[in-house]
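Number of protein chains: 2
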Amino acid sequence: MIEWKNLDTLSSYKELEGATRVDLAEVMSGENGANRVKNYSVPMAEGYAYNYAAKAVDDKIIDTLAKLAEEAQLVEKFEELYNGAVVNTGEKRLVLHQLTRGQLGNKVEADGVDKREFYVTQQNRIAEFAKKVHAGEITNAAGEKFTTVVQIGIGGSDLGPRAMYLALENWAKKTGNFKMDAKFISNVDPDDASAVLNATDVAHAIFVLVSKSGTTLETLTNESFVKDALKKAGLNPADHMIAVTSETSPLAKSDDYLDAFFMDDYIGGRFSSTSAVGGAVLSLAFGPEVFAQFLDGAAAEDKTALEKDIRKNPAMLDALIGVYERNVLGMENTAVLPYSQALNRFPAHLQQLDMESNGKSVNRFGEPVNYVTGPIIFGEPGTNGQHSFYQLLHQGKTIIPLQFIAYKNSQIGNDVDIQGSTSQQKLCANVAAQIVAFACGKADEDKNKNFEGGRPSSIIIGEEVNPKTLGALLAHFENKVMFQGFVWNINSFDQEGVQLGKVLAKRVLAHDTEGALSVYSELLNI
Amino acid sequence: MIEWKNLDTLSSYKELEGATRVDLAEVMSGENGANRVKNYSVPMAEGYAYNYAAKAVDDKIIDTLAKLAEEAQLVEKFEELYNGAVVNTGEKRLVLHQLTRGQLGNKVEADGVDKREFYVTQQNRIAEFAKKVHAGEITNAAGEKFTTVVQIGIGGSDLGPRAMYLALENWAKKTGNFKMDAKFISNVDPDDASAVLNATDVAHAIFVLVSKSGTTLETLTNESFVKDALKKAGLNPADHMIAVTSETSPLAKSDDYLDAFFMDDYIGGRFSSTSAVGGAVLSLAFGPEVFAQFLDGAAAEDKTALEKDIRKNPAMLDALIGVYERNVLGMENTAVLPYSQALNRFPAHLQQLDMESNGKSVNRFGEPVNYVTGPIIFGEPGTNGQHSFYQLLHQGKTIIPLQFIAYKNSQIGNDVDIQGSTSQQKLCANVAAQIVAFACGKADEDKNKNFEGGRPSSIIIGEEVNPKTLGALLAHFENKVMFQGFVWNINSFDQEGVQLGKVLAKRVLAHDTEGALSVYSELLNI
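Chains as they are written, first to last, in this note's numbering: chain A, 1 to 526; chain B, 1 to 526.
Derived by calculation from the structure, the hints in this document are not laboratory data.
Source: prediction; values computed, not measured.
There may be inaccurate statements among the hints.
Any copy will do: because identical chains look the same in the list, a pair fits if it lies in one copy or spans two.
Stated by the list, open to error - Here are the simulated DSS-like cross-link-like pairs (lysine-lysine), alpha carbons at most 30 Å apart as the crow flies:
{"hint": "1", "residue 1": "K60", "residue 2": "K502"}
{"hint": "2", "residue 1": "K145", "residue 2": "K253"}
{"hint": "3", "residue 1": "K308", "residue 2": "K77"}
{"hint": "4", "residue 1": "K183", "residue 2": "K132"}
{"hint": "5", "residue 1": "K14", "residue 2": "K77"}
{"hint": "6", "residue 1": "K173", "residue 2": "K38"}
{"hint": "7", "residue 1": "K60", "residue 2": "K145"}
{"hint": "8", "residue 1": "K107", "residue 2": "K92"}
{"hint": "9", "residue 1": "K60", "residue 2": "K107"}
{"hint": "10", "residue 1": "K77", "residue 2": "K132"}
{"hint": "11", "residue 1": "K131", "residue 2": "K253"}
{"hint": "12", "residue 1": "K253", "residue 2": "K67"}
{"hint": "13", "residue 1": "K303", "residue 2": "K232"}
{"hint": "14", "residue 1": "K312", "residue 2": "K447"}
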């Protein structure tokens, strides 16, 4: 029997609050530190390991986190979710993004259909469409091949697919899987669409309009931009556009599109990279086989989240250590630091995934909670970040938990040997050095050169960024965010906080304002 | 007589701590709110206004901040700085970035030369060089024009110039000022250089190697990458490279470069966009006249920072409100939210500028301070951010001060009218709506749809992003960061926190490790 309880009502949480703190600098020193790095590691799918040696935890704290996982019924709640319970209580919806990449439990029926079958059908339809585009069977009106795909979408229809495209672009070029350039238009700022269109050969471009409801203002506005550009070039927009939308949206059965592929209400935008939202653009850019590998990687990682033993469930462990840092140690932020240029925009995607899911103040029953919830997420790739904000991370007054990600091999494989090491070795040496520098610090009589240490981090280590490992990495964080939402007893799957701004923006555009809003509108010449 | 005192020794700071808190939702409502928006505004250079109506301050708090500005001698310290005092006490250096764009005070001599003259000379040398490249007087060995400039640098040699290039790229294309594409290689990850080089016609590319010391590992490694690529294409690297470095660096007088332009020790990387570091790449990309306008905008804004009246000094006011939020209200973060796609990477630059400058725990005398210092900075352009992390900003448990930036006009000028408004109007309507939604909130019986408000923000409103306004915006934030450093009595101009990681990375590469570092190195296959 599942019980949804607030974190501060759990006895294991009280135990956690009373647990003896770990002196990270001390435990990470000497032989003890070496043993931690060897032992505090959990295998993930696709050859990854989640290593938490440099987190301020010990066996006792992990044992208490294990009790918390049990008392909060985290794995049982995940079971409920993938078996089709209405976990998104606010919007009264099922939560099925894992079902896009595999069947974890029972058959899930909704809207009168088997949902796994529905998602697979959409994948197959996209695959068939993409193959025809690549084969030159679907072309522009002049019978010429499409060479570029442009995604029109915002938020989850933009950040995830864009981050995934950038992560695989060079891998695809290297391995012969590159089919078409992908570009993205998201912002309602007219300069976004204008700049992308100015740099695009629209006659050979296919546009993917992504909007679940078919009513997202930014996306419909940018669709008009694109249609104008196509018409100005003497082209018929309907020959150049496809839609990714829900079956009930006005876009679903419109002659304005070459074809429409479907998503549904059970997958939130920020969890939609493995649905048709990511599927259309990634299958066009890299081929459907690559997208299928990406799904396989995610499915494999999902399976690791079924494990009840916290020491074998990387997402659950990561989630609970994060809760300990946030709620017990009082840390507000988490920095995501991939030592991989391919993951350049992965932190921006995680920023949405995490902050939009868990940036909540009420529990799933709509009651205010008395404890802090989701952290602030930011990050840039290393080593770039080292030359930017790491100064504050090392010597600032605020301690920020760090999530490193690193790979043993580069993607492109081109490298140079300078001063006895390759660039890839230098990259990896830097991430190893940073973990230890943050954890252990280094005493110096000159206080300006003193490093206190005690800055916690974990690292996810993989072989290389490819479709499978990327899928696994994405699923890890989706599952981490889900588990944290369960711990905080919040609904991670709605986003009521974005509504008020939309309502007020409409009032500004209708000139239906008063007070401060009216004066701001004047100052901005609206 | 200047006195450098810790913040917690100032009587005005104690007064500030005791000041009555402002109920932002209340004061921003109704007619009072309208009056605040009208009155709480400070003109900046180049047509900007800094509007702080939606900050949790009132006249009394501003009066106390004015006392603090006086007691901390902020303007006097700025005078010391631009007149050539050794303000960077850690490294015993002058701090002269403002001198690259104007003479604010007395002649400053160092290293036996007039430093203003030195910077102007470098600008003129760069201008002459760029003009010759544009005119086809400096070409590749085959006598063909260069069409692309590639900056090789990291941290301040990358983030600032890259953000400025992206901010002006479309403006330049629109106004006929676009001369060459610019690209950037920064990360030591070999995939960064490989991908940029794979997408570049190296035969027609000129590379700018930027390293003050001539010893930055990432930059020298990437230089080798570039040289290899040039050699493989049958080209002589020396025909394709220029250096931006200090006069004493090994790069200064090397036959490996077509020419070398100089910076010096008195300008930190993060403050170097208006020096030769930004000058070379921006003058090549857009022409020296455009770079000169950028400097003019920065110089004009610097003058506003000389004003002693806090209500007329936007950078000082911004800085002090930030200190109030950080030290009295206890807020750890600041989100930078430009409603302008052109300022896409401006937040990443500010992240370095602010966090590397003020992420410190000791005062300028090397003594630990007992108060918090620089905040964590992150941000993405609006309206994209609205569909990402704004959920947490509106309804999360942590209050994050917001820095909006918006422009009345778009850059490219291409727009569409949908549902009775243009995209530019929609963009501006959204920022106006967000400020009020954050400040005032909206009560709802359904607590999941309830907005508490009380989330403070300020907005900088300008006409459009162009070279002059961009320069002014940059200078505003440089000066804000400087003033905050003065308030906290820290040295904002060194970065000792980046050293330990470098030292340990070298040890990893030399296989001179033990304990945890040794095991991490094994796990990463180094």
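Note to self: For K183 and K132, with the copy left unspecified, which applies at a CA distance of at most 30 Å: within, between, both, or neither?
What the structure shows: So K183 and K132 pass the 30 Å test inside one copy only (20 Å; across, 35 Å).
Check: At most 30 Å between C-alpha atoms: does K60 with K145 qualify within a copy, between copies, both, or neither?
Finding: Intra 61 Å, inter 67 Å, cutoff 30 Å: neither.
Note to self: One pair to classify: K312 and K447, alpha carbons no more than 30 Å apart. Within, between, both, or neither?
What the structure shows: neither (41 Å within a copy, 37 Å between copies)
Notebook entry, point to check: When no copy is named, should K107 and K92 be tagged within, between, both, or neither for a Cα gap of at most 30 Å?
Noted result: within (19 Å within a copy, 70 Å between copies)
Notebook entry, point to check: Is it within, between, both or neither when you check K131 against K253 at 30 Å Cα-Cα?
Noted result: Answer is within; shortest intra-copy Cα gap is 22 Å, inter-copy 56 Å.
Notebook entry, point to check: For K77 vs K132, is the C-alpha pair at or below 30 Å within one copy, between two copies, both, or neither?
Noted result: For K77 and K132, the Cα distance exceeds 30 Å both inside one copy (42 Å) and across copies (68 Å).
Next item on the list: Go through the copies and call it for K60 and K502: within, between, both or neither, with a Cα cutoff of 30 Å.
Entry: neither (47 Å within a copy, 34 Å between copies)
Margin query: With identical chains, the pair K14 and K77 could be close in the same copy or across copies; at 30 Å between alpha carbons, which is it: within, between, both, or neither?
Written below: Classified as within: same-chain Cα gap 21 Å, cross-chain 50 Å, threshold 30 Å.
Next item on the list: State whether the alpha carbon distance between K60 and K107 is at most 30 Å within one copy, between copies, both, or neither.
Entry: neither (39 Å within a copy, 64 Å between copies)
Note to self: Checking an output row: K173 and K38, CA cutoff 30 Å. Within, between, both or neither?
What the structure shows: neither (36 Å within a copy, 55 Å between copies)
Notebook entry, point to check: For K145 vs K253, is the C-alpha pair at or below 30 Å within one copy, between two copies, both, or neither?
Noted result: Classified as within; 25 Å inside a copy, 52 Å across copies.
Checklist line | Intra- versus inter-subunit Cα pairing at 30 Å for K308 with K77 | finding: Within one copy, since 11 Å is at most 30 Å while 60 Å is not.
Violated hints, in rising order: 1, 6, 7, 9, 10, 12, 13 and 14; the structure is consistent with all others.
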